[in-house]
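Novice: Based on the hints, put chain U in the right spot on chain A.
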Amino acid sequence: MPKVTLHKRGEIVSDEVAEDSNLVVRAGIRRFPYPHLTYGCGMGKCGKCACRVIRGADQLPAPNWKETKRLGDRIDAGFRLVCQLWITHDIELLQDDALNAAASRES
Amino acid sequence: MPDMMDQATFRSALEIAIKGNSANKSPFSIAWAEGKLSRTHLARWAENHYHYVGPFAEYLAYVYARLPAHFTEAKDFMLSNMYEEEIGGDRHTDLLIRFAEACGTTGARVKDPDNMSPTTRGLQSWCYAVAMREDPIVAIAGLVVGLESQVPSIYRRQTPTLREKYKFTDEEVEFFDLHIVSDEIHGERGYQIVLAHADTPALQQRCLKICEIGAQMRLLYTTALYHDYVENDLPLRDLDLAA
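These protein sequence lines map, in sequence, to chains A and U.
Going by my numbering, 70 is the number at position 70 of the first sequence; the sequence numbering is gapless.
Going by my numbering, 141 is the number at position 141 of the second sequence; the sequence numbering is gapless.
It should be emphasised that the hints constitute simulated quantities derived from the structure, not laboratory data.
Don't take each hint at face value.
The calculated lysine-lysine pairs, modelled on DSS-like cross-linking and capped at a C-alpha distance of 25 Å, are [said to hold, decoys possible]: (1) U:209 - U:75; (2) U:25 - U:167; (3) U:25 - U:209; (4) U:167 - U:36; (5) A:45 - U:167; (6) U:167 - A:69; (7) U:165 - U:36; (8) A:3 - A:48; (9) A:8 - A:66; (10) A:66 - U:165; (11) A:66 - A:45; (12) A:48 - U:19; (13) A:48 - A:8; (14) A:66 - U:167; (15) U:25 - U:36.
Quick caveat: nothing in here was measured; it's all calculated off a predicted structure.
Chain A extracted, bound-state conformation (with noise of 0.2 Å):
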């Protein structure tokens, strides 16, 4: 099973997680990485569920046309939409809320 690690807030969480899971759709059913995962939308709309993937982005797949217009020059700093991916390998990312937000003021 892949194994998921959020940094969040200075904190690291981790555990275990279902090949092909939605990290927001676990987190929506209460269940890891929820309550430290942030989410808004859950259709790629928001930004709000965006992390930087620190480890295991190579084996993701390119980013798609929702990924690509909400979070524009981010994708090339490692930013990823977490309610457009479906895990299926180990990967760690990084959620910083202040920063979503501010980027969703500039947008």
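Specialist: Frame of chain A; chain U shown alone:
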């Protein structure tokens, strides 16, 4: 009266009640998954589907209002479900209209209630009746577990076909993509609420029955779409479904 079931047994019984009448079995869904529908057929689907899912937040609002105040978590879930349907991101019905327009119909035709079939009107009326009249936990079982929780499995089958066989763009099929995530959450949270609050054998049995009826209603609706709009162009024998 059957005994009180533990949560695992009850959940399994709910899943069986739904699966026996899954809308995936209808000729319309089979034709869709096989890429045999025309854009005109899909336009008729969108014109009907709008009147079933369009008022979903209204159905939930009736249930929300009737849930006892101390069922805080269940009430909060209903509220966030309504919010996500309408204003959490793009309004879900706006995305349905976007798909409908890609099929060749118009937003005005989609919104016009005269364009829904009598069966669709029946499904919509059933949803309102359940929301207004049933015990709120039974209503959640019918509307969220029985109907909404089926959506991800239906759209997981249908969405790749829309891209690969019908050649719709990613943007045109966003309505389907988003429900694979949102209704996975809604359906599962619905299960959690029903499992926690159906706390008598009688209530469990009513939840099971309404899940079965909800799934039957969706199957009836989808089957009627086939008979009303598709059958003349695509007979059952072309779907290997003739008796």
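Novice: Hint numbers the structure violates, sorted upward?
Specialist: Hint 12 contradicted; others consistent.
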